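Number of protein chains: 4
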Amino acid sequence: MSSYDDIARDLVIANRILAKEEVVDAYGHVSIRHPDNPNRFLIARSVAPDLVGAEDIVELALDGQPVRDEKRTLYLERFIHAAIFEARPDVTAVVHAHAEDTLPFGIADATKLRPVIHSGSFIGSEVPVWDIADNFGDTNLLVTNIEQGRDLAKCLGGNNVAMMRGHGFAAAGRSLIEVVRMSVYLPRNARALIRAKQLGGRIRYLSQGEIDARNRGYSPYSTETWRAWEYWANKAGCGDMLRRPGE
Amino acid sequence: MSSYDDIARDLVIANRILAKEEVVDAYGHVSIRHPDNPNRFLIARSVAPDLVGAEDIVELALDGQPVRDEKRTLYLERFIHAAIFEARPDVTAVVHAHAEDTLPFGIADATKLRPVIHSGSFIGSEVPVWDIADNFGDTNLLVTNIEQGRDLAKCLGGNNVAMMRGHGFAAAGRSLIEVVRMSVYLPRNARALIRAKQLGGRIRYLSQGEIDARNRGYSPYSTETWRAWEYWANKAGCGDMLRRPGE
Amino acid sequence: MSSYDDIARDLVIANRILAKEEVVDAYGHVSIRHPDNPNRFLIARSVAPDLVGAEDIVELALDGQPVRDEKRTLYLERFIHAAIFEARPDVTAVVHAHAEDTLPFGIADATKLRPVIHSGSFIGSEVPVWDIADNFGDTNLLVTNIEQGRDLAKCLGGNNVAMMRGHGFAAAGRSLIEVVRMSVYLPRNARALIRAKQLGGRIRYLSQGEIDARNRGYSPYSTETWRAWEYWANKAGCGDMLRRPGE
Amino acid sequence: MSSYDDIARDLVIANRILAKEEVVDAYGHVSIRHPDNPNRFLIARSVAPDLVGAEDIVELALDGQPVRDEKRTLYLERFIHAAIFEARPDVTAVVHAHAEDTLPFGIADATKLRPVIHSGSFIGSEVPVWDIADNFGDTNLLVTNIEQGRDLAKCLGGNNVAMMRGHGFAAAGRSLIEVVRMSVYLPRNARALIRAKQLGGRIRYLSQGEIDARNRGYSPYSTETWRAWEYWANKAGCGDMLRRPGE
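Chains as they are written, first to last, in the numbering used here: chain L, 1 to 247; chain X, 1 to 247; chain F, 1 to 247; chain U, 1 to 247.
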């Protein structure tokens, strides 16, 4: 199992990749469960992902509160991460973002976001849409307390991605690399589906059997998975920070 | 209250951000009310926003004329700014731009531009469309005198944004950071709405209560707001010019 | 009137701008009439516009043939330029390009390309579509001889832009800056129109009076026009080559 | 005929170009038949195309297996290349990629991908859609053995491009430059067709005679073809690796 320092460095890389791939801008965040204590997770303090460094990583408990005395401002929406880690022991990493081309699926209700391309398979066959207004009425749409986080986590259920109406999405993965990859290909899958609908006719989605087959074959540290991580890190200008597990 | 030098530097940063984020190209401009004299405002001389430096900032009165002897050419459309500052004492900063994806909403009349994403809430629930032809007939579409500016300001009323038919938009904010942020997220909100309509079905707009809740929670110098400003300035290559109020 | 060296340098800048603004890629070209001899024009030898230097500029006659012994390969489609200069004494500069978002208007026949934004006014109220197949049958779609060039010029008539079916466009201007500007804003106007149609309802085009008003106010070396040229040249990395007439 | 070293260097350039032009990302690959042995082909080991160097090139037989002892991981989908080289002696180079804007044509069934722009002519008049599910049921959609590769090659037949449902495309060319060019203009042709359909009315496709005329005129080392290769290589930052045949 990786050391804390390794995990923190990977989290910095993940932040930079998500910024470079335009999954996040000044807003949006990525977190990872603590390698030694499943009741804690690591996430940056309130700073734009592209500017995150190792010194910005903080350690939070599953109620979203810092485990150490912390003077710096934290992400208002850290409760998204806290609640998903709490509800889903199988989840190792979480992304919340507003990637532009996913947004329409949280606004219009006629078309469900489903995998149409193989790289989109990891979003799974069901992407629920959570509307904060259903249980919390008129808010600023942000998930700013643990109750709202839990409501979102409940809507997410056992799925990998939930759309958040008028806001963005939350994605949960078995590894940091997996959740970053899912977050990069989610908008791509969304665009492919939007354009396929414009072309018209029958849409051929991935079948459940195909989604399952891809899921079974996934390994977070396979050469194929690493290839993307290595590529994205280099593109984001932090290839020098890469460290392959076992090296 | 900030000094003139600080304000001028922030205005340079705002120019660079708007260029980098493709809100403006060679055309479009941003202004800020004078910190010590509400009857004056600062804006660049006629130069592309990406090339603006502190030495390009000029001081204009609310009739759009320079308060000092000025040999350099001024923006033809400075009257947009003058008239909005004149009509709206609550407004501290103004942007006029032609951000591409906002343009369709000033051309087609079937769909109103309204907030569909949380970051678009600041455009407010009503975005009027001003058509210069209504009161001025066939023109070059530019707002080149104070009467035209006042007509636009009247159409804007108490709203934050007005579309200008076949031309662009004018946005008014309580702070420079607010109006820049509004101008960056306006085209994003426009794209999300266009694509949501392509997906079909019912569009779920932000409710009035949600718009109000977000508005109430806004603070121009909160950590969350600063995060975007810091991110955009770094992305635009002028992170070294940043100065946080109070530092 | 500008010297040959000044003209050649401006032509290099124009090439670089058109490449940076994605009006051209490896293909497409820009030409300017010879400052001292209206029966000649300058254009690059066959090389990608982004790689054009002053040494690549060649001088051609109005039949498309080089006026000096020339061993280097010339653009196959130089006859577009030759024929337009021949037919239109009022034209000083020509662009032929395949800017992507203009292409649909040369493929689908239900919507005419017309100005919907003020910066698109210079394309004029009528943009004819030329189909090489009408008079030349099955070709490789390239304008490879003077007869084809003249047929295109005839279709262009007194207009500023002609679409070329399945191929691109030809634009003619009164100055180099004007034709570059027209070529940059043509795809933008095209995108605004495509998206406005997606939004639905009535499309509000620029009126003939507005097009005329903008045309009357145009001056190739006004501060407003120069502002764009200066911005684009800097963005394309050749701001150091700029020379303002009269300086 | 080119030496092995020259071919390997060109293959590196092709990898970099395809990455820069966003035809491939971390995934997708390009191969070339061995210059001296038609039963072998060259392709990179499993690494992102943008990061490929000459040392990453491996030599495979037409069953997709390496001809020398190879410890490094190979592309899972190398069988796409193997099977096409096996079935098509006329083919010198192959690309497999997931270029985003081609994907809708492998998802929606109402519109066939056909040439609408002259630079898209090389995809040919017929672009079949291969669905791995037809003969292999629920898979992970990847072509991971020679039987799947042969099934794809059979669907491709004598055509230049086959779409792969929910996955991407395979393109086959007479030269490396040709297949790279085809791969760059395939998504452009796709976008032009999607947008033309949005504009509505009759779509004017390239005629069979036009496709044939363009095909007849094609020469992989003409000045016109080289112009694009030179441009793309410079844009991808490897202009220094260029070597023109005969030089």
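Don't take every hint at face value.
All copies of an identical chain are treated as equivalent in the list; a pair is satisfied when it fits inside any one copy or across any two copies.
Capping the alpha-carbon separation at 25 Å, the derived lysine-lysine pairs in DSS-like fashion look like this [claimed, not checked]:
| hint | residue 1 | residue 2 |
| --- | --- | --- |
| 1 | LYS112 | LYS154 |
| 2 | LYS197 | LYS112 |
| 3 | LYS235 | LYS20 |
| 4 | LYS20 | LYS154 |
Keep in mind that the hints were calculated from the coordinates and are not lab data. Keep in mind it's a predicted model, so treat the numbers as computed, not measured.
We went through each hint and held it up to the structure:
1. With identical chains, the CA atoms of LYS112 and LYS154 are at most 25 Å apart within one copy only, with a shortest distance of 19 Å there and 34 Å across copies.
2. Taking identical chains as interchangeable, the C-alpha atoms of LYS197 and LYS112 lie at most 25 Å apart whether they share a chain (12 Å) or sit on different chains (14 Å).
3. For a Cα distance limit of 25 Å, the shortest separation of LYS235 from LYS20 qualifies both inside one copy, at 8 Å, and across copies, at 11 Å.
4. Taking the shortest Cα distances, LYS20 and LYS154 never come within 25 Å of each other, neither inside one copy (31 Å) nor across copies (39 Å).
When each numbered hint is compared with the structure, a violation occurs for hint 4 only.
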